[in-house]
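Asker: Now that you have both chains on their own, put them together as the hints suggest.
Here the protein sequences line up with chains A and B, keeping their order. Residues 1 to 613 (my numbering) make up the first sequence, in order. Residues 1 to 72 (my numbering) make up the second sequence, in order.
It should be emphasised that the hints constitute simulated quantities derived from the structure, not laboratory data. Nothing here was measured: the structure is a model prediction, and the numbers come from that model. One or more of the hints may lead you astray.
What the hints assert, rightly or not - Some, not all, of what chain A presents toward chain B, calculated at C-beta under 8 Å:
| no. | residue |
| --- | --- |
| 1 | 57 |
| 2 | 105 |
| 3 | 133 |
| 4 | 210 |
| 5 | 214 |
| 6 | 275 |
| 7 | 279 |
| 8 | 286 |
As the list claims (entries may be wrong) - List of simulated lysine to aspartate or glutamate pairs, EDC-like, C-alpha gap at most 20 Å:
| no. | chain 1 | residue 1 | chain 2 | residue 2 |
| --- | --- | --- | --- | --- |
| 9 | A | 199 | B | 4 |
| 10 | B | 63 | A | 50 |
| 11 | A | 199 | B | 44 |
| 12 | B | 17 | A | 50 |
| 13 | B | 25 | B | 47 |
| 14 | A | 103 | B | 67 |
| 15 | B | 18 | A | 50 |
| 16 | A | 219 | B | 33 |
| 17 | A | 7 | B | 9 |
| 18 | A | 7 | B | 67 |
| 19 | B | 63 | A | 46 |
| 20 | B | 58 | A | 50 |
Claimed, not checked - If you anchor each label on the Cβ, the simulated ranges turn out as follows:
| no. | chain 1 | residue 1 | chain 2 | residue 2 | range |
| --- | --- | --- | --- | --- | --- |
| 21 | B | 47 | A | 582 | 55 to 61 Å |
| 22 | B | 25 | A | 484 | 45 to 51 Å |
| 23 | B | 50 | A | 7 | 38 to 44 Å |
| 24 | A | 608 | B | 63 | 32 to 38 Å |
Positions of the beta carbon are idealized from the N, C-alpha and C atoms, including for glycine.
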Amino acid sequence: MNRTQRKTLWQIGISAILLIAGMVLPLARPLKLAIFISAYLIVGAEIVYEAFRELFTGQAFGENLLMTIATIGAFLIAEYFEAVLVMLLFQIGELFQGMAVGKSRKAISDLMELRPDTANIIQDGQLIQVHPIQVAIGDMILVKPGERVPLDGIVTEGNSYVDTAALTGESVPQQVGPGSTVLSGSVNTSVPLEIQVTKAFSESTATKILNMIEDIGGKKAPAESFITKFSRYYTPIVVICAALLAAIPGLLIPGADAMEWIRRALMFLVVSCPCALVISVPLSYFGGIGCASRNGILIKGSQSIDALSQLTAVAMDKTGTLTKGQLQVTEIQSVQLPEQTLLEYTALAEWYSDHPIAIAIKQAYAKELEHPAHSEEVAGKGMLAVLNGQRIAVGNISLMEQEGAVCETYTGAGSAVYIAIDGVYAGRLIVKDQLRQEAKQATDRLKQLGITDIIMLSGDTQAAVNEVADSLGILAKGELLPGDKVDQVEKLMDQTQGKMAFVGDGINDAPVLTRADVGIAMGTIGKDAAIEAADMVIMGDDLRKLPAAIAISRKVSRIVKQNITVALVIKIGVLILSAIGWSNMILAIFADVGVMVIAILNAMRTLRMKMDI
Amino acid sequence: MRKEYIVKDLCCAHCGKKIQTKIAKLKGVTMAELNTMTQRLVIDIEDAYADSLTEQVKAIVAKIEPDCTVLG
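In isolation and in its complexed conformation, chain B is listed as follows (with noise of 0.2 Å):
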């Protein structure tokens, strides 16, 4: 299943790759992407895993950039 969540105000490119790679490695997680410019996060997990997916990411976002709120 594919997910997309907009981060706004990420204004850190290096925070970005950071927060992606966390994400990745998120249980189920399959492909994850941030892209820096557009602020658009798209994460293809596994049906299964897909429910707790958000509250995840926006852990996720908060631990590393707090400044960004997670939408979508």
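Okay, chain A solo, but in the shape it has when bound (with noise of 0.2 Å):
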């Protein structure tokens, strides 16, 4: 609670002890009217205040102007209690708001702390201090330890460890040192770094992530544009309705009670606030998309929380999304020699070579080579390799019919490197790329959230993509090139009911993640072009944070429908209520403030959301 917050409360405390006291002390009329009066300016001062300021600055219909008029005229038609009371659960509902966004604020502070306020600019051997806006690109600025990195760019200057985890989930620190580039949003962790800036601040990774979860000039949800719609239509609607209530049943219906349709009007506009609903709906998304950062999701904005909890199909890249896209010696078929021997020739052929295939086999042999053999390459094909005076040869089957080796193709999924010893077969290793750890828990998790249609898309091998399918209990598509993609998606998203997600690395599929109804990258911060086609990014790799963010989107859009139906039937029901002479002050301030408050202490339960990964 902030200093204006606390005075308030203080207001509101002397305000209510004087209201009862008005109540049930028994004073003289005039003296009763007296404490009424300093119980309602005590509390309602600024209100009034502010209302006349709104009214001189030409902007009608401001709720402070509507309140103010509500309990003027109350207090007019000698309804003082009632008068009192309206303000002072006006000022309740105000405090409560004032504080329910501090908190979620506070909630959501770990995404704004990504952009340190300062950045020490080095200029002639000295520091100045300036605010992050204010540095162009090729200064040079310092980041001291323990500090945020306010910019992206180069380091000059300094060897240090940089803690990444705000922007790509990895909690081991990456080693930096001249040359290496820093992404803005990251921390400093050991020793000073002098940095030439290489983007604007408003260019900066930190800023992109900001306005990616904001979703800056995107489309909004469809609830969220409702509420800006019907705010603007809805308060002018029922000032009017309750002018003419005020009005005209007092002129054409003979000997109508004209205090009591003022009565009924003023209820209208006590209940004429739209903001139960103005608040509630950004704060239930914002709170979704807080809880989803704070565990290495960025979702764009409410739309694709929107899209999000109405998935019922997923299709997913396979190499680096269910697969490690690292590859491992899975198999060693011997003809003669001992396993252990074919590995380690097979490594003291391919010890000099880069290829992905050899550094598997390396890793597979895991034992440093005391003397590796002279080898060389056969383009295309392999190594060759002389060994104790045995020529050997390590690669691909045409290697083998060069070298005269008779052997069998393999067929199977992943690929096989085949040995032959001085032109004789002698066996092959297979090697393939491994499933993640998490794949498995992560599509049968989509699939209790009732997502049956998952499909991988896969440029590899149909037995390669079969496998990987068939063990995680999912269909597959292989052999696709990127423009095959789009179709398998678009045909998806014929076929299902709901929406549609595609996940992939970001990197090649970029047309693919535009076209889905929820784009879904993995592992992508620092490529920009990732974040700005994609509606989510998974920092890190773990894919079971995709039906983790399923079930959170599904929660908030819960939360959003039952504040917009339980605004809108008891606001219109009060309304009503007013109008035919059912209702009265109190229910009318509940169908505002109360209402309000419900619709905000229901939104927060978004902020206190728990992800389950």
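Answerer: Put into structure tokens, the structure is as follows:
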């Protein structure tokens, strides 16, 4: 609670005591009136002042003005108690709203802290502290240990470790030195770094992330645009109805009690503020987005939350998404030699190669070779080495043919590396991309959430794709060219009832990410194209964050729907009751402040959401 | 050109929307968005009109929410 809020709380307390005193104490009428008026002024003077300010600056239908008219009107028709109570509860509602917003801001402050408020420019050997917005490209800045990097740049001096957890979800600090790129939002941990700025504040990674989650300039969720439109018409309509209600029956109906109709009109004014919706709907969405971001998931605005909550189909890339994108030796098929010896020979021959398959083989061997054999590359085929007078050929089937070694072609999943010794086939190693540990859990959870259409799209061979898909219990389509993926995604969008998501690594699949209802990129912070194309970014590479994010977005959508329904039903209900005279001021206040508090409390549930990963 | 401000102490969503609408109507402004939660005001404006933007933004905010301060 800040100072203004504490002051308001005092005002509310004193005013409430006076109000009760005015009600219960057996005092003379003028004295009672004096007590009510002071109670009103203590709690409402600021509102009345604001109301006049709004009026004179040409802002019609401000909530302060409406409350002032309603309460002063109530005074004039001698409903003193109601007048004070309306103002009192209105202030309580405002206080509550302020506290809720403050609390929500704190909950999302991790995100805001991505961008520090200050940058230290190095100028003529001196440090000048400025706002990062004032730093130009090419300027030199100093980032001390413990400080957040304010702008993207290149390190010119200093060797340190930076913590990029806020950007990548990677908890191991990254080593940087002269020449390394550092991204804004990461934290320098050990040694001061001098950085030459390469991107302006508005273009820096941290700003891009903020732009993404706020979805600057993007479309809003239908619920959010509905509220914006609704609030634009709702208040004027209710106010006009109030004016008609006050004037017309008094003139037309003979013997009508003018006071009674004015009372009903005043109740309309009290219910005329759409606050409950205007504040609670964006708050709900932002609570969801904030919760996701704390768990390393960036969701682009309210529209993406909505789409995510309606998913019924998911298409996924294989390499890098469901699999690690790193090859591993999974099988050694030796004709005669012990398996370890075959592996050793292969590793020897491949020692100087940097091909991904060679790296996998060397990892599998996992020992230092004392004397790597002399070897040479046979372009497009493999390696030839000489060891203890034996000629060792390691490579693909065409190398075997060249060596005159007879063997069968491998047709299973993964790639085979054939070995021939002195022209005789000796065996082969099977190298495969490995399924991510979490992949099975992730797809199982998606199915539990009712997302039954899960398909894997890949450029890999159908055999390789099928093996992965079968182990996960999902469908698969292999041998696709990049363009084919868009076609597949469109087909799936037609087939499925709800929305459809595509998950990829965000590097080569920008068109698919854009085409899908929800484009999801994994582990791609620092790759701008992916952030711009995607509707959701999973930082790090844990696919289980997808079902978790879907669960969160469903909760958010449910809360938004509840709030809209409850607020509309109560407000419209009370308006009708007021018009026919079956309502009173207390009910009207409940329809305004009460509904707002209920809506905010309900919306704030999104801030406390926990994500199950 | 994209300009960015922080509207500090903004607490009323309704007023935020009003400020946003007013700024969006300024000459040369193609997009204006004020997020009540993050207090960020992001404006896309044609370069020719950008010079006086900060003053205009401050004036609008002062008129609708006098308690707020504009940074940036």
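Asker: When the structure is checked against the list of hints, which entries are broken? Sort them ascending.
Answerer: none
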